[in-house]
Amino acid sequence: MAYEAVYLVGRANTGKSALFGRLSGQYVNVSNFPGTTVEVARARWKTGGREIELVDTPGLGSLLTQTEEEAVTRRLIFSERPGVVIHVVDAKNLEAHLPVTFQLAEAGLPVVLAVNMIDEARSLGLEVDDSALENLLGVPVVLTSGTANIGINALEKAVAERLLPRPEAGLQYPNRVEEAVKAVEALLPDGLMMGRRALSILLLEGDAESLDLLEKADSTVASSVRLERAALERDLRRPPALSFAVYRYRRASAIAREVVRLSAPIKRGFRDRLGDLLSHPVWGTVAAVGVLYFGLYLAVGKIGAGIIVDYLDHQVFGRWVNPAVAAVSDRWIPWMAIRELVAGEYGVVTLGLRYAVALILPLVTMYFFLFALIEDSGYLPRMAMLLDSGFKRIGLSGRAVIPVVLGFGCDTMATMVTRTLATRRERLIATLLLALAIPCSAQLGVILGVLNGHPGALAVWAVVLTLSFVATGFLGAQLMPGESAIFFMEIPPMRLPSAENVWWKTWGRVSWYMREILPLFLLVSVLIWAGKLTGVLAWTVDLLKTPLSWLNLPPQTAPIFLFGFFRRDYGAAGLYDLSAHNLLSITQISTSVVALTLFLPCVAQFMMMVREHGYRAAVYIAGLVGIVAFGAGFAVSRILPLMGADSW
Amino acid sequence: MGRSACANCPMGGDCTWACCPNCGYALAPGRKGPSAVAKNLAELRPGDSAEILDLDSSGGAKRGKVSGGTAGAERINAAISLGLVPGVRVQMVRRHPTVLVKAGLRSLALDEALARIIILRGEPPAKTG
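Residue numbers (the numbering used here), protein chains in the order written: chain A, 11 to 658; chain B, -16 to 112.
Please note that a few of the clues may not be correct.
[What the hints assert, rightly or not] In silico SDA-like links for lysine to any residue, alpha-carbon gap of 20 Å or less:
hint : chain 1 : residue 1 : chain 2 : residue 2
1    : B       : Lys85     : A       : Leu284
2    : B       : Lys85     : A       : Arg278
3    : B       : Lys85     : A       : Arg281
4    : B       : Lys85     : A       : Arg283
5    : A       : Lys277    : B       : Val76
6    : B       : Lys85     : A       : Arg267
7    : A       : Lys277    : B       : Gly87
8    : B       : Lys85     : A       : Ala53
9    : A       : Lys277    : B       : Arg89
10   : B       : Lys85     : A       : Arg248
11   : B       : Lys85     : A       : Gly135
12   : B       : Lys85     : A       : Leu287
13   : B       : Lys85     : A       : Leu134
14   : B       : Lys85     : A       : Ile276
15   : B       : Lys85     : A       : Ala266
16   : A       : Lys277    : B       : Leu88
17   : B       : Lys85     : A       : Gly279
18   : B       : Lys22     : A       : Arg248
19   : B       : Lys85     : A       : Asp286
20   : B       : Lys85     : A       : Glu130
21   : B       : Lys85     : A       : Gly294
22   : B       : Lys85     : A       : Leu136
23   : B       : Lys85     : A       : Phe280
24   : B       : Lys85     : A       : His290
25   : B       : Lys85     : A       : Pro291
26   : A       : Lys277    : B       : Lys85
27   : B       : Lys22     : B       : Arg77
28   : B       : Lys85     : A       : Pro275
29   : A       : Lys167    : A       : Ala53
30   : B       : Lys85     : A       : Arg505
31   : A       : Lys542    : A       : Leu554
32   : A       : Lys277    : B       : Gln74
33   : B       : Lys85     : B       : Arg104
34   : B       : Lys22     : B       : Gly105
35   : B       : Lys85     : A       : Ser263
36   : B       : Lys85     : A       : Leu554
37   : B       : Lys85     : A       : Val270
Calculated from the structure, these hints are not laboratory results.
Start from the sequences and build out the full structure, keeping to the hints where you can.
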């Protein structure tokens, strides 16, 4: 069989993506937290004299999948082109990872075991006997480290050899269990993508996806399989999934005990103590608040929005690019309309491109850079742990920390990342909250700019946002039916962020952002131009005048909300102009900022919501969000004057 | 029962199962008995360690909106996913705000509901009962 692909499979925190980088010479979204590999990374890899595709997969903790991401990985390795699987495991925790090696081998996949992060294990005094392990397992074993560049050539060689067919390794289970496995194997049809034995075991373990597929293919076989499973459960007196897990774990432990040697007692260093401190309920919270303040407010708000954006906007574009483009277009473009399109008030270059380069790019890059630092250090899982009990009250689990925090960078990306949450209910609630109350960095930068001289309004905005987040989450959790979220997560050791990793994580996300979101930007410029030309713009502004008057906002604020649907920061920038010219009272500024932030998800995010949850759910969520935005704006517009806001 | 059936078994003789040396038919131990003075992981005190004995498949359905059936299976799968299966030894680090345990060199966080389904092997009682 000619293999055309090589899949990197393994849990999160095993250095898989760093290994991907070493092998292919490219890094994409290196991550140590479940759920942050945004897309499946692929690269052309030259090895064994051929060019094949190297694929990095989202984390896999068991072939019996728990999250949508794991399901995606499973589907990839079985239904895409057949390929060699590099199973990447953590050298210092072999017994926890080998059970999956057994599962992969059972499935008939050609496996090469990469015992990774060997440098970390060695620094703790552990050594792994790779030839003994290879003998015990029956698959090729290579000791590697992606970050320290160990064993890469050996790994390439092993993969090249594995591209040739070989007998499979696996586990023999106790007789009663083997009896059930063989009985189910006999029932299965031909032409399966997965090895018979592995599929039989998955069915006995109760895997929902496989059972569903079988039900659709042949429901008589499916019933017989169910009977076998029930009989096995009766005889074992526990769920078969548990029994299989126990067998694999026992064997894995026995193997680990034989091949891993401890040369010196394990010492606890500064990093361990820091890790403990950050997990501590009190100190960890202090740290989280500190990170929020320094990260969001100072770095994104003050430095990002204030200094960098200012320079790019006023110097580079204001004094050089815009006048130059205006001059060129005046000279060379005879049609007024096209001149408008390129260099007018909402021109593609003068506004669209300027926004993208001078405003969005620095803000988003700053945010993703900070996020990468936190991610690479191992702090995020600790944050998740601290937030879990709070999040439970709004129907989420601590795992939701990742899409929520990522949402402060880009809500669209975060909506896609909700895939890492285990239940549909959690995914919906998280999507709702992202659409409502999590301002992305682009928005945040401009809004913090608007609120710069008005600390009172800033406080109001922050309070209303937090209240909306909590209240909506709480109500959503009460009203949405389904299982409550389960929280479980491995907490990795703290690490010093590596410059390489941080660079590549940031680059990966920023380039995704530019590719997915930027074209929308330029499209919006064109739409606005067309709207102006056809009068649709004026008509829509007219429509919005009435609801805005209920919020005590003048008609000039209409474009803010209209543009705000397409690009939140466009809207906010309009607000900036109005407030800079002192055309709005403090109450009006507060009302606008609150309503705008809570307002409908931007067009890119809406499309992502449709992609993840379907039209109906997306429209319902958008509708709900619109209502809350209006309601909150209304409340602010009435309550604030009563508090004497306009004299602040 | 002798240990002759253990030679080819992946458990490696390190278990409390009863196994027929003729046909290899294996039975899991019952849940009652002096060796299973069961308490669950949520009850383990910080600093103490214990071995996992079993996972409660009723899903710990004592309170809350948990509906036993599927929630129970999901919780078991979550525990398996973390590698917290019978035979593993864990040490409790902290119980609030989330349960944090150490298993080998790994630190694992889980919520209280999940910890409650993880049944631990208790120490045998001091007096014969």
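To see whether the hints hold, each was checked on the structure:
As the CA atoms of lysine 85 of chain B and leucine 284 of chain A are separated by approximately 16 Å, the hinted pair is consistent with the 20 Å bound. A C-alpha spacing of about 14 Å is found between lysine 85 of chain B and arginine 278 of chain A, which places the hinted pair at or below 20 Å, so the restraint holds. At roughly 16 Å between alpha-carbon atoms, lysine 85 of chain B and arginine 281 of chain A fall within 20 Å of each other, so this suggested pair holds. Only pairs whose Cα atoms come within 20 Å are accepted, and lysine 85 of chain B paired with arginine 283 of chain A is accepted, the gap being roughly 15 Å.
This hinted pair checks out: lysine 277 of chain A and valine 76 of chain B have alpha carbons roughly 18 Å apart, not beyond 20 Å. Restraint check: the Cα-Cα separation between lysine 85 of chain B and arginine 267 of chain A comes to about 18 Å, which is no more than 20 Å; the hinted pair holds. Proposed proximity of lysine 277 of chain A and glycine 87 of chain B is supported: the alpha carbons are some 14 Å apart, at most 20 Å. About 37 Å separates the Cα atoms of lysine 85 of chain B and alanine 53 of chain A, which puts this hinted pair outside 20 Å; it is violated.
For the proposed pair lysine 277 of chain A and arginine 89 of chain B, the alpha carbon gap of about 15 Å is at most 20 Å, so the pair holds. Restraint check: the Cα-Cα separation between lysine 85 of chain B and arginine 248 of chain A comes to about 25 Å, which exceeds 20 Å; the hinted pair is violated. Of the supplied pair hints, the one linking lysine 85 of chain B and glycine 135 of chain A holds, its CA atoms being roughly 19 Å apart against a limit of 20 Å. Between lysine 85 of chain B and leucine 287 of chain A, the direct Cα distance comes to roughly 16 Å. Compliance with the 20 Å bound is thereby established for this hinted pair.
For the hint linking lysine 85 of chain B to leucine 134 of chain A, the alpha-carbon distance of about 16 Å falls within 20 Å, and the restraint holds. In summary, the hint linking lysine 85 of chain B to isoleucine 276 of chain A is supported, as the alpha carbons are separated by about 14 Å, within the 20 Å threshold. Proximity of lysine 85 of chain B to alanine 266 of chain A is assessed by CA-CA distance (about 17 Å); at most 20 Å being required, the pair is judged to hold. A threshold of 20 Å between alpha carbons decides the hint, and for lysine 277 of chain A with leucine 88 of chain B the separation of about 12 Å falls inside it, so the pair holds.
For a cut-off of 20 Å, the pair hint linking lysine 85 of chain B to glycine 279 of chain A stands: about 17 Å separates their Cα positions. At most 20 Å may separate the alpha-carbon atoms for a hinted pair to count; lysine 22 of chain B and arginine 248 of chain A meet this at roughly 18 Å. Pair hint lysine 85 of chain B plus aspartate 286 of chain A holds up; C-alpha atoms about 12 Å apart against a cutoff of 20 Å. The suggested pairing of lysine 85 of chain B with glutamate 130 of chain A holds, with an alpha-carbon distance near 18 Å, which does not exceed 20 Å.
Annotation: proposed proximity of lysine 85 of chain B to glycine 294 of chain A holds, straight-line Cα distance about 19 Å (limit 20 Å). At roughly 18 Å between alpha-carbon atoms, lysine 85 of chain B and leucine 136 of chain A fall within 20 Å of each other, so this suggested pair holds. The suggested pairing of lysine 85 of chain B with phenylalanine 280 of chain A holds, with an alpha-carbon distance near 18 Å, which does not exceed 20 Å. Distance check on the hinted pair: lysine 85 of chain B and histidine 290 of chain A sit about 15 Å apart at the alpha-carbon level, within 20 Å; holds.
Proximity of lysine 85 of chain B to proline 291 of chain A is assessed by CA-CA distance (about 17 Å); at most 20 Å being required, the pair is judged to hold. Restraint check for lysine 277 of chain A and lysine 85 of chain B: the C-alpha separation of about 16 Å stays at or below 20 Å, so the hint holds. For a cut-off of 20 Å, the pair hint linking lysine 22 of chain B to arginine 77 of chain B stands: about 17 Å separates their Cα positions. Between lysine 85 of chain B and proline 275 of chain A the alpha-carbon distance is near 17 Å, which keeps this suggested pair within the 20 Å criterion.
For the proposed pair lysine 167 of chain A and alanine 53 of chain A, the alpha carbon gap of about 18 Å is at most 20 Å, so the pair holds. A C-alpha spacing of about 18 Å is found between lysine 85 of chain B and arginine 505 of chain A, which places the hinted pair at or below 20 Å, so the restraint holds. Note on lysine 542 of chain A and leucine 554 of chain A: the hinted pairing holds, with a Cα-Cα distance of about 16 Å set against a maximum of 20 Å. As the CA atoms of lysine 277 of chain A and glutamine 74 of chain B are separated by approximately 18 Å, the hinted pair is consistent with the 20 Å bound.
Taking the CA atoms of lysine 85 of chain B and arginine 104 of chain B, the gap is about 17 Å. The hint holds against a cut of 20 Å. Among the hinted pairs, lysine 22 of chain B with glycine 105 of chain B is consistent with the structure: their alpha-carbon atoms are about 7 Å apart, no more than 20 Å. Of the supplied pair hints, the one linking lysine 85 of chain B and serine 263 of chain A holds, its CA atoms being roughly 16 Å apart against a limit of 20 Å. For the proposed pair lysine 85 of chain B and leucine 554 of chain A, the alpha carbon gap of about 58 Å is over 20 Å, so the pair is violated.
In summary, the hint linking lysine 85 of chain B to valine 270 of chain A is supported, as the alpha carbons are separated by about 19 Å, within the 20 Å threshold.
Hints 8, 10, 36 from the list above are not met by this structure, while the remaining hints are.
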